[in-house]
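Residue numbers (our numbering), protein chains in the order written: chain A, 1 to 129; chain B, 1 to 129; chain C, 1 to 129; chain D, 1 to 129.
Derived by calculation from the structure, the hints in this document are not laboratory data.
Given the structure is predicted, the values throughout are model-derived calculations rather than measurements.
Take the hints with a grain of salt, since some may be wrong.
Any copy will do: because identical chains look the same in the list, a pair fits if it lies in one copy or spans two.
DSBU-like mimics (lysine-lysine), calculated; alpha carbons at most 35 angstroms apart, straight line [unchecked claim]: (1) K5 / K26; (2) K26 / K81; (3) K36 / K100; (4) K36 / K81; (5) K126 / K5.
Protein chains: 4
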Amino acid sequence: MLNPKEFTERDKFGLYNGMEVISVEKGRAKTRMEIKAHHKNGIGTVHGGAIFTLADLAFAAASNSADDIVTSISATMAFTKAATEGVLFAEAWEVSRSTKLVTYEARVTNASNEIIAAFQGLGYIKRKV
Amino acid sequence: MLNPKEFTERDKFGLYNGMEVISVEKGRAKTRMEIKAHHKNGIGTVHGGAIFTLADLAFAAASNSADDIVTSISATMAFTKAATEGVLFAEAWEVSRSTKLVTYEARVTNASNEIIAAFQGLGYIKRKV
Amino acid sequence: MLNPKEFTERDKFGLYNGMEVISVEKGRAKTRMEIKAHHKNGIGTVHGGAIFTLADLAFAAASNSADDIVTSISATMAFTKAATEGVLFAEAWEVSRSTKLVTYEARVTNASNEIIAAFQGLGYIKRKV
Amino acid sequence: MLNPKEFTERDKFGLYNGMEVISVEKGRAKTRMEIKAHHKNGIGTVHGGAIFTLADLAFAAASNSADDIVTSISATMAFTKAATEGVLFAEAWEVSRSTKLVTYEARVTNASNEIIAAFQGLGYIKRKV
Numbered sequence: 001m002l003n004p005k006e007f008t009e010r011d012k013f014g015l016y017n018g019m020e021v022i023s024v025e026k027g028r029a030k031t032r033m034e035i036k037a038h039h040k041n042g043i044g045t046v047h048g049g050a051i052f053t054l055a056d057l058a059f060a061a062a063s064n065s066a067d068d069i070v071t072s073i074s075a076t077m078a079f080t081k082a083a084t085e086g087v088l089f090a091e092a093w094e095v096s097r098s099t100k101l102v103t104y105e106a107r108v109t110n111a112s113n114e115i116i117a118a119f120q121g122l123g124y125i126k127r128k129v
Numbered sequence: 001m002l003n004p005k006e007f008t009e010r011d012k013f014g015l016y017n018g019m020e021v022i023s024v025e026k027g028r029a030k031t032r033m034e035i036k037a038h039h040k041n042g043i044g045t046v047h048g049g050a051i052f053t054l055a056d057l058a059f060a061a062a063s064n065s066a067d068d069i070v071t072s073i074s075a076t077m078a079f080t081k082a083a084t085e086g087v088l089f090a091e092a093w094e095v096s097r098s099t100k101l102v103t104y105e106a107r108v109t110n111a112s113n114e115i116i117a118a119f120q121g122l123g124y125i126k127r128k129v
Numbered sequence: 001m002l003n004p005k006e007f008t009e010r011d012k013f014g015l016y017n018g019m020e021v022i023s024v025e026k027g028r029a030k031t032r033m034e035i036k037a038h039h040k041n042g043i044g045t046v047h048g049g050a051i052f053t054l055a056d057l058a059f060a061a062a063s064n065s066a067d068d069i070v071t072s073i074s075a076t077m078a079f080t081k082a083a084t085e086g087v088l089f090a091e092a093w094e095v096s097r098s099t100k101l102v103t104y105e106a107r108v109t110n111a112s113n114e115i116i117a118a119f120q121g122l123g124y125i126k127r128k129v
Numbered sequence: 001m002l003n004p005k006e007f008t009e010r011d012k013f014g015l016y017n018g019m020e021v022i023s024v025e026k027g028r029a030k031t032r033m034e035i036k037a038h039h040k041n042g043i044g045t046v047h048g049g050a051i052f053t054l055a056d057l058a059f060a061a062a063s064n065s066a067d068d069i070v071t072s073i074s075a076t077m078a079f080t081k082a083a084t085e086g087v088l089f090a091e092a093w094e095v096s097r098s099t100k101l102v103t104y105e106a107r108v109t110n111a112s113n114e115i116i117a118a119f120q121g122l123g124y125i126k127r128k129v
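Same shape as in the complex, but just chain A:
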């Protein structure tokens, strides 16, 4: 399994947008993003795409391991609260894993631990080698 720094650097879209993997273990990972002007949408709150990406990055870091490549096949997000400043975190954890499929959930929260979004993602497992 890659360490958080390696995950952060390999994920170019997350990196370009100031997102960081801050912890990763088998089936669980956490990401972080400091809100900047370039994360905002047309009405001045953090873009749904940025919030989604932060959760999806946690999902990717948590679901990929030394032996498997897991590619996201679908994801759902409920946006529960607008965010405008400070830091956002996402944490993803495994709900189920079969031979070919994984299900994950994630939460995006702010520094006050308020829930900003709730995520559910499905991944397809490709065995390496």
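We have chain A; now place chains B, C and D onto it with these hints.
Chains B, C and D only, in chain A's frame:
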């Protein structure tokens, strides 16, 4: 309603990531993104978050008008095909609109018109003034 | 591929709830249900579970063929309009098919062709020997 | 708030399909269903529509209270494991509540506490009186 150029410039997250609103009318909009290295994930394909954002931006441009602000409250995306190079487009259209809620769908396609992702989004309508 | 009558009779949950497959071809199918008192929820409208099932049945009929068994792995539904009486229809169609996965969409409509719900489903393909 | 027996009896679709609300408190509820032949799909496992309904019923019981009517506006379900016999349970809990919207999650489990499905639902709040 804003014109495509105004939408593009107001949406800072889309703008920062090289996304552009290329057409907008009431209930329908189209966006475009040229795939660059900074759009990729850790396995070298376009990041789910970038694909999601491109569709979400089309949803936002299509659903917001002169009189309403529509904020995304949930969204689902099925990732049907990996993308690695060239141009991606997203087109969003309105499925339903009630007093308080809208439902939209969107498709992300590549230059060969292959479907890269299918999106469904719900928005909450806040009346301006 | 089974004909509509065979599909209807094999799907015990649909059958028990008065749902019928009325047409089926490769990648597309249609179902029908006459609203009865036993389809309602606690506030007197058709239960989300009944609407979901009608769409899911169309998805199953459309995605299963002579050579494959497709099992639903995830589904999303936007409920756009309440229904209380008359007939409901669902139509499902294929959005994508890869070696292992299919994506479908479906619409539930009433007799006036108003959209009651919009559905997106993913299925996993098990090859029949 | 209605008691579990009242919820069970008011929800005609759940009742007709042998589903029962077994506990309910503000923001949390549990349902139960004994698997019968009429819950099955065409391949002999419990129908996705039945599993969805069991979770949706828990969501409805948990989200409706003395003062509000909450109607489901969208829902997503990941089907993680097939079920064929015994008893299924669903438990739903509130993730967020704003003035107009609620987000819920639910799990469907079997008697061995294995996860059969993971559910996310959004509801729109209509104030009574």
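Exercise. Pop the pair K126 and K5 into one bin, within, between, both or neither, using alpha-carbon distances up to 35 angstroms.
Key: within (23 angstroms within a copy, 38 angstroms between copies)
Practice problem: Can you give me the call for K26 and K81, within, between, both or neither, at a CA distance of at most 35 angstroms? | Solution: Both: 29 angstroms inside a chain and 21 angstroms across chains, each within 35 angstroms.
Quiz item: Is the C-alpha distance from K5 to K26 at most 35 angstroms within one copy, between copies, in both cases, or in neither?
Solution: Classified as within: same-chain Cα gap 16 angstroms, cross-chain 42 angstroms, threshold 35 angstroms.
Quiz item: Under a CA distance limit of 35 angstroms, which applies to K36 and K100: within one copy, between copies, both, or neither?
Solution: Between copies only: 29 angstroms across, 38 angstroms inside.
Practice problem: Up to 35 angstroms between alpha-carbons, please classify K36 paired with K81: within, between, both or neither. | Solution: both (17 angstroms within a copy, 31 angstroms between copies)
Checked against the numbered hints listed earlier, the structure breaks none of them; every hint is satisfied.
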